[in-house]
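Just need the whole structure built from these sequences, with the hints factored in.
Sequence order for the protein chains is A and B. Numbering-wise, the first sequence is residues 1339 to 1535 according to the working numbering. Numbering-wise, the second sequence is residues 1339 to 1535 according to the working numbering.
The hints are simulated quantities; they were obtained by calculation from the structure and are not laboratory data. Some hints could be false.
Chain B is faced by these chain A residues, among others (derived, beta-carbon under 10 Å) [what the hints assert, rightly or not]:
hint, residue
1, K1405
2, E1406
3, R1421
4, Y1432
5, Q1435
6, R1473
Cut-off 30 Å, straight-line C-alpha distance, at most; resulting in silico cross-link-like pairs (DSBU-like, lysine-lysine) [claimed, not checked]:
hint, chain 1, residue 1, chain 2, residue 2
7, A, K1405, B, K1526
8, A, K1405, A, K1372
9, A, K1385, A, K1351
10, B, K1456, B, K1351
11, B, K1456, A, K1456
12, B, K1372, B, K1385
13, A, K1456, A, K1369
14, B, K1373, B, K1392
15, B, K1385, B, K1351
16, B, K1392, B, K1351
17, B, K1405, A, K1531
18, A, K1405, B, K1531
19, A, K1526, B, K1405
20, B, K1456, B, K1369
21, A, K1351, A, K1456
22, A, K1385, B, K1351
23, B, K1351, B, K1369
24, B, K1405, B, K1392
25, B, K1405, B, K1351
26, B, K1385, B, K1405
27, B, K1385, A, K1351
Quick partial rundown of chain A residues pointing at chain B, CB under 8 Å, derived from the structure [said to hold, decoys possible]:
hint, residue
28, S1399
29, H1407
30, E1422
31, Y1425
32, F1426
33, L1468
34, I1472
35, Q1476
36, I1479
37, N1480
38, L1482
39, L1483
40, S1484
Note that the coordinates shown come from a computational prediction; the quantities given were computed from them, not determined experimentally. Positions of the beta carbon are idealized from the N, C-alpha and C atoms, including for glycine.
Number of protein chains: 2
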Amino acid sequence: MQHLRIVDYLSSKLHIESDSISTLFDTCILKEIKKNDFLLSENDYCKHTFFVEKGLLRQYSIDDNGKEHTISFAPENWFVTDRESVYFDSPSRYYIQALEDSEVVLIDENFIQLLSEKIPSFTTFNDRLLHNHIRHLQNRINLLLSASAERRYLEFIEMYPDILLRVPLTMVASYLGITPESLSRVRKDLARKNFKK
Amino acid sequence: MQHLRIVDYLSSKLHIESDSISTLFDTCILKEIKKNDFLLSENDYCKHTFFVEKGLLRQYSIDDNGKEHTISFAPENWFVTDRESVYFDSPSRYYIQALEDSEVVLIDENFIQLLSEKIPSFTTFNDRLLHNHIRHLQNRINLLLSASAERRYLEFIEMYPDILLRVPLTMVASYLGITPESLSRVRKDLARKNFKK
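Right under this line is the structure:
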């Protein structure tokens, strides 16, 4: 199998040599997915966590009026999944779609089990990933409840510094819970402030 | 030590006899907290998870304009904490305050370690709690992005069936991310619909 980003990612996070874990990934499935194709659709049962080797994914829901709401973006080196569906074996409320031609590593519970057995520090790392996920979700709720459109946008840029040129602004607005018009206004105001500096 | 709800709660969830675990809780601190007093304030370092034995807590943030935003309520048998602060050792963005005279069990990392060692099924249960937390947070984000005020309110009632009479409606509105006026309107509309049935 070709050299995988996930091997570099994990060896860097776990402070171990990539050679020592690369063979573990020989059985992993690397899936190519074309722009606009889906890894998950509403009411599917999500069976995998997806690690993005290349490209960009988006997780979103569609409301009763057919409007899309972005839950998350996942560029290279990000994980994305519907943990509710995977862990509680329930039909998903979400879609996961490729915004660019992408490659993802499919990770299932068995593989997580294997990594836990073979790499002593993996369990702690995985636990930290869960807590980090909770941290981001809770912070996002707080932002949605309490923050101005400008602050939401600034935190978005900090979290996803390199994807702004890769996604339509309507999708960014739907992530922030504001209208595209508000987002345009915020961006103009910020550009003006920066110009004055 | 008096008989604790947390012992019944865990023995029921873990399908074990409460007698077999009750002595583990002998070293736990049971803290009484008066109505309006705080277990956590912004910029504090949160060191515990709180299990509510009696009473009702609220976790909230205060924005730059002094407005309060409710992150969660915790009535009897609920856990509440700022996982970000506990796990990443960072100053908290939140307050945790008693809305009624309350009693809480203080749980720290050492105690979780002890439970993991003494009760084989505890680790799996604790992992499930984390995933359940993620499930609720993600669903809440989706509701905040996509759902009508009425749907948010109906999901709130389902999640917290018995606290509506115990908290001011302004706090419920601040949990739902809507104005108190919207909440009143939603409640009137629902009452009218139910009356017509």
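Against the structure, the hints:
1. The criterion of a C-beta within 10 Å of any C-beta in chain B is met by K1405 of chain A, whose closest approach is roughly 7 Å, and the hint holds.
2. Residue-level restraint check for E1406 of chain A holds (minimum Cβ-Cβ distance to chain B is 9 Å; threshold 10 Å).
3. Interface hint status for R1421 of chain A: upheld, as the beta-carbon distance to the closest one in chain B is roughly 5 Å, under 10 Å.
4. The closest approach between the C-beta of Y1432 of chain A and any C-beta of chain B is roughly 8 Å, which is under the 10 Å cut-off, so the hint is satisfied.
5. Because the beta carbon of Q1435 of chain A sits about 16 Å from the nearest beta carbon in chain B, more than 10 Å, this interface hint is broken.
6. Here the hint on R1473 of chain A is kept, as its CB sits about 4 Å from the closest CB of chain B, short of 10 Å.
7. A C-alpha spacing of about 27 Å is found between K1405 of chain A and K1526 of chain B, which places the hinted pair at or below 30 Å, so the restraint holds.
8. This hinted pair checks out: K1405 of chain A and K1372 of chain A have alpha carbons roughly 23 Å apart, not beyond 30 Å.
9. A C-alpha spacing of about 24 Å is found between K1385 of chain A and K1351 of chain A, which places the hinted pair at or below 30 Å, so the restraint holds.
10. Distance hint between K1456 of chain B and K1351 of chain B is fulfilled; the C-alpha atoms sit about 16 Å from each other, no more than 30 Å.
11. Restraint check for K1456 of chain B and K1456 of chain A: satisfied, since their Cα atoms lie roughly 24 Å apart, inside the 30 Å limit.
12. A distance of roughly 20 Å separates the Cα atoms of K1372 of chain B and K1385 of chain B; the hinted pair therefore holds under the 30 Å criterion.
13. Under the criterion of a C-alpha separation no larger than 30 Å, the hint pairing K1456 of chain A with K1369 of chain A is consistent with the structure, at around 24 Å.
14. Among the hinted pairs, K1373 of chain B with K1392 of chain B is consistent with the structure: their alpha-carbon atoms are about 12 Å apart, no more than 30 Å.
15. Taking the CA atoms of K1385 of chain B and K1351 of chain B, the gap is near 24 Å; set against the 30 Å cutoff, the hint holds.
16. With a C-alpha separation of about 19 Å, the suggested pair K1392 of chain B and K1351 of chain B falls inside the 30 Å cut-off, and the hint holds.
17. A threshold of 30 Å between alpha carbons decides the hint, and for K1405 of chain B with K1531 of chain A the separation of about 26 Å falls inside it, so the pair holds.
18. The hinted pair formed by K1405 of chain A and K1531 of chain B meets the criterion: a straight-line CA distance of about 26 Å does not exceed 30 Å.
19. Proposed proximity of K1526 of chain A and K1405 of chain B is supported: the alpha carbons are some 27 Å apart, at most 30 Å.
20. Between the alpha carbons of K1456 of chain B and K1369 of chain B the distance comes to roughly 24 Å, so the proposed pair stays at or under 30 Å and holds.
21. In summary, the hint linking K1351 of chain A to K1456 of chain A is supported, as the alpha carbons are separated by about 16 Å, within the 30 Å threshold.
22. A threshold of 30 Å between alpha carbons decides the hint, and for K1385 of chain A with K1351 of chain B the separation of about 26 Å falls inside it, so the pair holds.
23. Pair hint K1351 of chain B plus K1369 of chain B holds up; C-alpha atoms about 23 Å apart against a cutoff of 30 Å.
24. Only pairs whose Cα atoms come within 30 Å are accepted, and K1405 of chain B paired with K1392 of chain B is accepted, the gap being roughly 28 Å.
25. Among the hinted pairs, K1405 of chain B with K1351 of chain B is inconsistent with the structure: their alpha-carbon atoms are about 38 Å apart, more than 30 Å.
26. Of the supplied pair hints, the one linking K1385 of chain B and K1405 of chain B holds, its CA atoms being roughly 26 Å apart against a limit of 30 Å.
27. Only pairs whose Cα atoms come within 30 Å are accepted, and K1385 of chain B paired with K1351 of chain A is accepted, the gap being roughly 26 Å.
28. For S1399 of chain A, the suggested interface contact is upheld, since its CB lies about 5 Å from the closest CB of chain B, less than 8 Å.
29. A least Cβ separation of about 4 Å between H1407 of chain A and chain B falls short of the 8 Å threshold, and the interface hint therefore holds.
30. Using the Cβ-Cβ criterion of 8 Å, the hint placing E1422 of chain A at the interface with chain B is satisfied: the shortest such distance is roughly 4 Å.
31. Given hint, Y1425 of chain A at the interface with chain B, holds; its Cβ is 4 Å from that chain's nearest Cβ, closer than 8 Å.
32. Interface restraint check for F1426 of chain A: the shortest CB-CB distance to chain B comes to about 7 Å, inside 8 Å, so the restraint holds.
33. Annotation: L1468 of chain A was flagged as interfacial toward chain B, and the flag holds, the nearest CB pair being 5 Å apart, inside 8 Å.
34. Taken as an interface hint, I1472 of chain A checks out: its beta carbon lies about 5 Å from the nearest beta carbon of chain B, inside 8 Å.
35. Given hint, Q1476 of chain A at the interface with chain B, holds; its Cβ is 6 Å from that chain's nearest Cβ, closer than 8 Å.
36. Taken as an interface hint, I1479 of chain A checks out: its beta carbon lies about 6 Å from the nearest beta carbon of chain B, inside 8 Å.
37. For N1480 of chain A, the interface hint holds, since its Cβ comes within 8 Å of a Cβ in chain B; the closest pair sits about 5 Å apart.
38. A cut of 8 Å between beta carbons decides the hint on L1482 of chain A: the least distance to chain B is about 5 Å, and the hint holds.
39. Proximity of L1483 of chain A to chain B holds as hinted, the smallest CB-CB distance being about 4 Å (cut-off 8 Å).
40. Residue-level restraint check for S1484 of chain A holds (minimum Cβ-Cβ distance to chain B is 4 Å; threshold 8 Å).
Checked against the numbered hints above, the structure violates hints 5, 25; every other hint is satisfied.
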